[in-house]
Amino acid sequence: MLSMAVLVYLLAISIPVYLLHHFHPQAWYWHVLAILCALGIGLIPTPPAWKTTASDLIFGFVMSLLLVWGVGGLLLGRPHRERLA
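Residue numbers (our numbering): 2 to 86.
Quick caveat, the hints were computed from the structure, so don't treat them as lab data.
Even for Gly, the Cβ is constructed at its ideal location relative to N, Cα and C.
Where hints are given, some of them may not hold.
With beta-carbon atoms standing in for the labels, derived distance ranges [what the hints assert, rightly or not]:
(1) 40 / 15: 32 to 42 Å
(2) 8 / 38: 21 to 31 Å
(3) 52 / 23: 32 to 42 Å
(4) 50 / 28: 33 to 43 Å
(5) 50 / 78: 18 to 28 Å
(6) 48 / 9: 19 to 29 Å
(7) 16 / 56: 14 to 24 Å
(8) 5 / 46: 21 to 31 Å
(9) 16 / 55: 16 to 26 Å
Using the sequences provided together with the hints, build the complete structure.
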(Lines of atoms letter the chains of each structure in order from A and count residues from 1; the text may use other names and numbers.)
(Lines give C-alpha, C1' and ligand atoms only; values in the text may rest on other atoms or scores of the structure.)
Protein backbone atom coordinates (compact mmCIF):
# COMPACT_ATOMS: atom_id res chain seq x y z
CA MET A 1 0.00 0.00 0.00
CA LEU A 2 2.95 2.30 0.55
CA SER A 3 3.83 2.23 -3.14
CA MET A 4 0.25 3.22 -4.00
CA ALA A 5 0.49 6.23 -1.70
CA VAL A 6 3.81 7.25 -3.23
CA LEU A 7 2.36 6.94 -6.73
CA VAL A 8 -0.75 8.96 -5.84
CA TYR A 9 1.24 11.79 -4.27
CA LEU A 10 3.78 11.84 -7.11
CA LEU A 11 0.87 12.24 -9.51
CA ALA A 12 -0.61 14.97 -7.30
CA ILE A 13 2.65 16.90 -7.60
CA SER A 14 3.51 16.19 -11.24
CA ILE A 15 0.09 17.00 -12.76
CA PRO A 16 -0.03 20.64 -11.58
CA VAL A 17 3.67 21.14 -12.41
CA TYR A 18 2.98 19.95 -15.97
CA LEU A 19 -0.15 22.11 -16.24
CA LEU A 20 1.72 25.18 -15.00
CA HIS A 21 4.53 24.53 -17.46
CA HIS A 22 2.24 23.86 -20.42
CA PHE A 23 -0.53 26.42 -19.88
CA HIS A 24 1.36 28.99 -17.73
CA PRO A 25 -0.06 30.47 -14.53
CA GLN A 26 -3.54 31.95 -14.67
CA ALA A 27 -4.81 35.01 -12.82
CA TRP A 28 -3.60 35.27 -9.23
CA TYR A 29 -7.09 34.95 -7.72
CA TRP A 30 -7.57 31.44 -9.18
CA HIS A 31 -4.39 30.29 -7.46
CA VAL A 32 -5.42 31.88 -4.16
CA LEU A 33 -8.82 30.18 -4.47
CA ALA A 34 -7.08 26.83 -5.09
CA ILE A 35 -4.97 27.30 -1.93
CA LEU A 36 -8.07 28.17 0.12
CA CYS A 37 -9.94 25.13 -1.25
CA ALA A 38 -6.97 22.88 -0.44
CA LEU A 39 -6.84 24.20 3.11
CA GLY A 40 -10.61 23.78 3.44
CA ILE A 41 -10.46 20.18 2.24
CA GLY A 42 -7.58 19.45 4.58
CA LEU A 43 -9.28 20.94 7.63
CA ILE A 44 -12.74 19.45 7.16
CA PRO A 45 -13.31 16.62 9.65
CA THR A 46 -14.33 13.47 7.82
CA PRO A 47 -17.17 11.27 9.06
CA PRO A 48 -16.12 8.01 10.76
CA ALA A 49 -17.57 6.00 7.89
CA TRP A 50 -15.11 7.69 5.51
CA LYS A 51 -12.01 6.73 7.52
CA THR A 52 -10.65 4.35 4.89
CA THR A 53 -7.35 4.21 3.07
CA ALA A 54 -9.00 5.00 -0.26
CA SER A 55 -10.74 8.13 1.01
CA ASP A 56 -7.51 9.30 2.67
CA LEU A 57 -5.70 8.91 -0.65
CA ILE A 58 -8.44 10.73 -2.55
CA PHE A 59 -8.61 13.65 -0.13
CA GLY A 60 -4.81 13.82 0.03
CA PHE A 61 -4.52 13.73 -3.76
CA VAL A 62 -7.02 16.56 -4.27
CA MET A 63 -5.57 18.65 -1.47
CA SER A 64 -1.98 18.22 -2.70
CA LEU A 65 -2.93 18.90 -6.31
CA LEU A 66 -4.73 22.14 -5.44
CA LEU A 67 -2.00 23.27 -3.06
CA VAL A 68 0.84 22.67 -5.53
CA TRP A 69 -1.09 24.34 -8.37
CA GLY A 70 -2.00 27.33 -6.21
CA VAL A 71 1.43 27.93 -4.71
CA GLY A 72 3.22 27.19 -7.98
CA GLY A 73 1.05 29.63 -9.89
CA LEU A 74 1.69 32.39 -7.39
CA LEU A 75 5.44 31.77 -7.38
CA LEU A 76 5.79 31.42 -11.14
CA GLY A 77 3.31 34.14 -12.12
CA ARG A 78 4.73 37.12 -13.89
CA PRO A 79 3.01 40.49 -13.86
CA HIS A 80 1.83 41.68 -17.25
CA ARG A 81 3.69 44.68 -18.52
CA GLU A 82 2.73 46.92 -21.37
CA ARG A 83 5.19 47.30 -24.18
CA LEU A 84 6.04 50.80 -25.16
CA ALA A 85 5.99 51.21 -28.92
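Residue 15 and residue 40 - C-beta distance against the hinted 32 to 42 Å:
violated, 21 Å
Distance restraint hint 33 to 43 Å, applied to the beta-carbon atoms of residue 50 and residue 28
Holds - the Cβ-Cβ distance for residue 50 and residue 28, about 38 Å, lies within 33 to 43 Å.
Does the Cβ-Cβ separation between residue 50 and residue 78 fall within 18 to 28 Å?
violated, 40 Å
Check the following: the C-beta atoms of residue 48 and residue 9 are separated by a distance inside 19 to 29 Å.
With Cβ atoms ~21 Å apart, the hint holds.
Does 16 to 26 Å hold as the CB distance between residue 16 and residue 55, or does it fail?
Holds - the Cβ-Cβ distance for residue 16 and residue 55, about 19 Å, lies within 16 to 26 Å.
For the pair residue 5 and residue 46, does the Cβ-Cβ distance stay inside 21 to 31 Å?
holds, 24 Å
Does the Cβ distance between residue 52 and residue 23 fall inside 32 to 42 Å?
About 36 Å separates the Cβ atoms of residue 52 and residue 23, which means 32 to 42 Å holds.
State, for the Cβ atoms of residue 16 and residue 56, whether the hinted interval 14 to 24 Å holds or is violated.
holds, 20 Å
Can you tell me whether the CB distance of residue 8 to residue 38 sits inside 21 to 31 Å?
holds, 23 Å
Comparing the model with each numbered hint stated earlier shows that hints 1, 5 do not hold.
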